[in-house]
Structure formats: C-alpha cells, structure tokens
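Visitor: Knowing the structure of chain D, use the given hints to seat chain E on it.
These protein sequence lines are chains D and E, in that order. By this note's numbering, the letter at position 360 of the first sequence is numbered 388, and the numbering carries on one by one without gaps. By this note's numbering, the letter at position 23 of the second sequence is numbered 142, and the numbering carries on one by one without gaps.
FYI, nobody ran anything at the bench for these hints, they're computed from the structure. Nothing here was measured: the structure is a model prediction, and the numbers come from that model. It is possible that part of the hints are untrue.
Claimed, not checked - Within a straight-line C-alpha distance of at most 30 Å, the following computed DSSO-like cross-link-like pairs (lysine-lysine) qualify:
1) D:K46 x E:K151
2) E:K163 x D:K323
3) E:K163 x D:K355
4) E:K151 x E:K129
5) D:K323 x E:K151
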Amino acid sequence: MTQPTAALKKTPLHATHKRMGARMVDFGGWDMPVQYSGVLDEHHTVRQRVGLFDVSHMGEIEIQGPEALKLVEFVSTNAAAKLKAGQAHYSGLLYEHGGFVDDILVHKVADDQFFICVNASNQDKDYEHILSHNRFDANVENAGPRYAQIAIQGPRALETLQKLTPVNLAAIRYYHFTDGTVSGAPARIARTGYTGEDGFEIYVAPGEAERLWDDLLAAGAEFGIKPCGLGARNTLRLECKMALYGHEIHSTVTPLEADLAWIVKFDKGEFLGRDALLKQKERGVTRKLIGFEMKGRGIGRDGYEVHVDGSPSGWVTSGGPSPTLNKNIGLCYLPAQQCEIGRAIQVMIRGEGVDAVTVPTPFYKRAK
Amino acid sequence: MYPENFRYTKEHEWVRVEGDTGTMGITDHAQKELGDIVYVDLPKVGTVAEQGKTIGSVESVKAVSDIYSPLSGEVVAINNLLATSPEKLNEDPHGAAWLVKIKLSAPEEVKELMSAADYHAYAGEE
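So here's chain D without its partners, still in its complex pose (with noise of 0.2 Å):
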C-alpha cells in the first residue's frame, strides 16, 4: 500500500534537496533525490570527476563489548577475525537457511567495537536479527538516527574532501577509515562505496550534515561536482556489479549463487547459514548471477524473464543501459549449467524475446 507523503522518513538533508530542485521519491520507506541535473548526466560526472551522495538513509549498527567480535563473527560470514582496527569489510547477515537477511559493511573500530553499515529498508530486521542471536557479552545498538552519510565518490574525492579535513586522505588504503574531522565537525572518513570509483563515505552527526553538503559542494566546484540521486547511485553500481539488496540478493538466495563466496569463510568457524551453505557447496548450486548484454533491441529490465533455448529459465535482477559503456546491460539468474560466458540468450520484454548475450562482469572496472 502506498503511504501517504507525510508518513516517508527524511533524512538530515531532506530540505536542502528540495531547495536545490531535486526529484524525489519514495524509496524504500525514505523520501529520497533520484537525480538532480538527470541520471546521465550525474553518472559521468561521477565517473570523470566528482559527485555528491546523501546516503543517510542507510543504517548503522554499532556491537561493542568483550564479546563483540564473537557477536560479528556469528551473525556474519566474512571472517571479522581478520580485520584490523581502521578496515572494512564486504560481508553478508544470513538466515540459518543460508539466504540474506542483508548485505553489510563491516567496519573494526576497536577490538571490543564494530560499526556496520545496513540497507535502509532492513535496519531494524537486521537489528532484531543480531539482537536475536545475541548469547554473547556484547552490546547491540541501533545507531541510524545518530548518523548522517554523505558519499563523495569520483577521481577528484579525494581533492575535495582534502580541502575539509586535517586527517591525510591519501593514507586511507581502500576499505580503511579512520575518525577525525571534516569541516570541523567529527566524522568517520572510510574509504568506501557504491559507484566504482575512488571515493569516501563520511559519518557525521546529523545537525553537521547540512553545513557538511553545502560546504563538499563548494570544495568541489573547481572539479564540476554535482549532487547525485539514487538514479546516479543504481547505474553506477550496476556496471560495477555491485549487489542490490532485493535485486541479486534476498532472503532466497546465497551467497554462493549470487557469486559472492568471497565474503564466506567456511574455515573461521561456526556461523548463521554455515550448514547449509556447506550443503549447498557439496551438492553444487543450481543457479548462479551472471551478466548479459542487449544484441537485440530493447532494455531487460527488473523481474524480466530469462529464456534459454526456447525455454523459461531464469530472471532479471538488475538491468538497465549503462551510460559509460553506451550498451543496454543487466544482471539474471541462471541455471548453473546455462550461465558459461558468451551463450546466447533471450530476455522476455513485452512477450518478445530479445537476444541478449552472457558476459564477464563487472561490466566497468575502473583504471588504476
């Protein structure tokens, strides 16, 4: 059911986007900006200089204690274990079946103390989640409403938010943070993001996140920053192959068959979804994720039926153009038998199949 306008959550920012002319919608529950100055526009931006990204929707939940580290390593399937104080992590909360709950950021503040970065939509289910598999001596908070997130993200960051802050960004490995001070104002400055490019995402308390905005934009106009919107953000992501919560991945689906057995580590022990993931693993997964490109005319789109020789056989998850190879490219699930790179398949758009191709992905990877 819709709900009415007034009931959408808003973020610290949410005045400053209408005041400089943003679009919004309702995404997920949260009044967002899809684009200001137009999707294309703003995802060249990001990819040759510079864009601005309020992401303040997405949630945070901070685990501390003695038994902290036992909590994270428990609910999540990267190995927390082998984080250093200062770095991040990719990882995945799993149900005891093996399917997401969410896909996260883990970050190691301290021995006793890690911050993790949650979807929007599945803050509280991921807190009732963690919170529900707590038999540790540790201490779970529900933190959103404490933090602001603003992304920079392009090859001109870096430069801009060096004119905010004293803390030496370059020295910021990539999935590394630190806690120092942009603007003045105390921020966490991780090397992080969601575009597939260089960038940071910043951590302030939500009374610093105007000022914080205004003042990136300024830092940022001798390079062309723009503010960006969601719009920006999935385009981006999707060259990158990066994950989407209720696209790639759902409470269905694994970790091995979204092609991330990178973030699960069998060998650090027990952990939520290990069992069945194991299972999984012996018996081989029936279907994988792989990325496919448009021959024929026409854009496979979300919930789009896959066809493989004449026959249903999987579905779109993500697809749309991708503005900086200028091809129509998507994302689908495959039977694991069907998906060798370079087969020829069909996505269903309006009742016609349309000939597409399976390829490599990520479908942009950016020059080091």
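Guide: Then chain E, alone, in the frame of chain D:
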C-alpha cells in the same frame, strides 16, 4: 509551453489533427517526469491503434512507460529518428520528436481530449 493547436490526454500524450491525420507525441511534462530517455518502442506502420490503448513505450534510465494512443486509426508513419536518437524526446517533445502519425478512423474522438489550457492546469496539479 503547450501548443494551442494540440489536444492532450490524461496520460500525457498530445495529438495534432490535420485533415484526417493525427500526429502524436508525449508532452513536455511527460518527458520531464521520465528523465533521460534512452529507448523508444514504436508500433509498426499498419498497426491499428485504438483510443486509450497501448501503442508502444518510452524508457528512461530508470523506468518503462506505456504510450497510449490519443485517437483511433491506422498507424501510417513512425518517427525513425527516435530509434537512433531517443534523447530527442527530452529536447523537443512537441516538435522533432513526434512519435507516430495515425490515419483517423473516428475523428470525433478528439472532442474527448483536453485543450492546452486544461492540460496545463491538469499537469500542473498532478
């Protein structure tokens, strides 16, 4: 903004009737709502269009929108420019980026459509 000699639908198409032929497209309001248009799917010449029924689709980066025929008749021409330059629909929706021409079978249907002033009010209020 909205030409006086066009008539408009609630689904944000326009049609310009000259003799027994109607030229149709989508309105400036529609292209703005869609955002960057990347693909246009038009019917084949010879297709019989029925007022209010789907005759094609327009796709932006994010979404697919159906195009509804403002009037009934036979499609006698389609704008091939849009196959190679769908972005024209963002640039000139009331002019160069018309979609199809229809030989009208029930010209009186045009009375059911909105005037420019009515459409302006309708699109503004939506």
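Visitor: With reference to the structure, classify each hint as holding or not holding.
Guide: Hint check:
| no. | hint | verdict |
| --- | --- | --- |
| 1 | D:K46 x E:K151 | holds, 17 Å |
| 2 | E:K163 x D:K323 | holds, 20 Å |
| 3 | E:K163 x D:K355 | holds, 24 Å |
| 4 | E:K151 x E:K129 | holds, 16 Å |
| 5 | D:K323 x E:K151 | holds, 28 Å |
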